[in-house]
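Required output: the full structure, derived from the provided sequences and hints.
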Amino acid sequence: MNFLIILNEHAGSGNARATWKIIEPILQNKNINYDFKISQYAGHTTYLTQQYIKNVQNTDHSVILVIGGDGTLHEALNGAMSMSQSNPIPLAYIPAGSGNDFARGLGMSAKPLEALNQVLNCQQPTIINVGSYEETMKNETGYFINNIGIGFDAAVVSRTNASTSKRKLNKYHLGSLAYLSSVIAVLYNQEPFPLMVQVDKKRTLFQKAFLVTTSKHPYFGGGVSILPDASVNKAELELIVIERTNWLIILWVAILIVLGKHLNSRFVHIFRGPHLHLTTTSIEHGQIDGEIMGNRFFDLHMGVKQYPFWIDASI
Numbered sequence: 001m002n003f004l005i006i007l008n009e010h011a012g013s014g015n016a017r018a019t020w021k022i023i024e025p026i027l028q029n030k031n032i033n034y035d036f037k038i039s040q041y042a043g044h045t046t047y048l049t050q051q052y053i054k055n056v057q058n059t060d061h062s063v064i065l066v067i068g069g070d071g072t073l074h075e076a077l078n079g080a081m082s083m084s085q086s087n088p089i090p091l092a093y094i095p096a097g098s099g100n101d102f103a104r105g106l107g108m109s110a111k112p113l114e115a116l117n118q119v120l121n122c123q124q125p126t127i128i129n130v131g132s133y134e135e136t137m138k139n140e141t142g143y144f145i146n147n148i149g150i151g152f153d154a155a156v157v158s159r160t161n162a163s164t165s166k167r168k169l170n171k172y173h174l175g176s177l178a179y180l181s182s183v184i185a186v187l188y189n190q191e192p193f194p195l196m197v198q199v200d201k202k203r204t205l206f207q208k209a210f211l212v213t214t215s216k217h218p219y220f221g222g223g224v225s226i227l228p229d230a231s232v233n234k235a236e237l238e239l240i241v242i243e244r245t246n247w248l249i250i251l252w253v254a255i256l257i258v259l260g261k262h263l264n265s266r267f268v269h270i271f272r273g274p275h276l277h278l279t280t281t282s283i284e285h286g287q288i289d290g291e292i293m294g295n296r297f298f299d300l301h302m303g304v305k306q307y308p309f310w311i312d313a314s315i
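Residue numbers (the UniProt record's numbering): 1 to 315.
By construction, these hints were calculated from the structure, which means they are not laboratory data. Check the hints yourself; a few may be wrong.
[Claimed, not checked] Below, computed lysine to aspartate or glutamate pairings styled on DMTMM-like, alpha-carbon distance capped at 25 Å:
(1) K30 <-> E291
(2) K201 <-> E114
(3) K21 <-> D60
(4) K37 <-> E24
(5) K208 <-> E191
(6) K305 <-> D35
(7) K111 <-> E134
(8) K305 <-> D229
(9) K111 <-> E24
(10) K54 <-> E140
(11) K21 <-> D312
(12) K21 <-> E114
(13) K261 <-> D229
(14) K138 <-> D229
Structure follows, in structure tokens:
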């Protein structure tokens, strides 16, 4: 097997760079054939993936291996899905970001050498269900491995990325403190908003939506099981809508989420289906796989697509 290895060395506050130093000698000792590229800017992984697929000669024995966070894998998936492939080149992944929710949802090891073993000893690709979306307000289309969020989680991502302390904390591997600070601030300050959810032909209206997250697996925010029944093995999406009536209620629901008992709350609503449609009538924060989509009105159509992954999580 021939690998294109794409490393985002800044992922996980430098964790990806440290991960590469661990696995590089293993690849050399095993005489693994690979080309090595470093992702140097936002969107670069998408470009590197597209160029490799465009120029590769033997697709039957090629794999694109991403070392980085969920955002890096998100770029690789979108690059691969944007190409016309009769025999799609599988993606592989060594989780080295800060959240690593996709690896968690897939059942991959968080340890670099064990994750590498799950890739190198894979015998055949596994077809994984990923999310697709079309946002008609700005005519955007794409794919997601984890989730799309409107409201709370997107506001947290936006606030964290804008934090002046984030870069300083990342130098000391304390970036999670910036995230926690943003969570607390947004819990208190985020305003509820009107939302329409359509599954099949049934529409549900909410006047005080607070957190709106559509996911392909259970995990969210670096390991929180917010949608425990979601699975990459199911050809459907799961959506959670949490309402906010006041600050104390949303704090109580947050505690229930941590305890894994939130699904019984009357302020929590779950939707499932192969196609979901969401619209907002106010400008809200949006995020996709942890990357900000900006503040906007949303008219969001989501579905399920499939792509092969060269990972055997059972090893």
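Going down the list of hints, with the structure as the test:
no. : hint          : result
1   : K30 <-> E291  : violated (36 Å)
2   : K201 <-> E114 : violated (45 Å)
3   : K21 <-> D60   : violated (28 Å)
4   : K37 <-> E24   : holds (13 Å)
5   : K208 <-> E191 : holds (8 Å)
6   : K305 <-> D35  : violated (28 Å)
7   : K111 <-> E134 : violated (35 Å)
8   : K305 <-> D229 : holds (19 Å)
9   : K111 <-> E24  : holds (15 Å)
10  : K54 <-> E140  : holds (23 Å)
11  : K21 <-> D312  : holds (23 Å)
12  : K21 <-> E114  : holds (15 Å)
13  : K261 <-> D229 : holds (13 Å)
14  : K138 <-> D229 : violated (31 Å)
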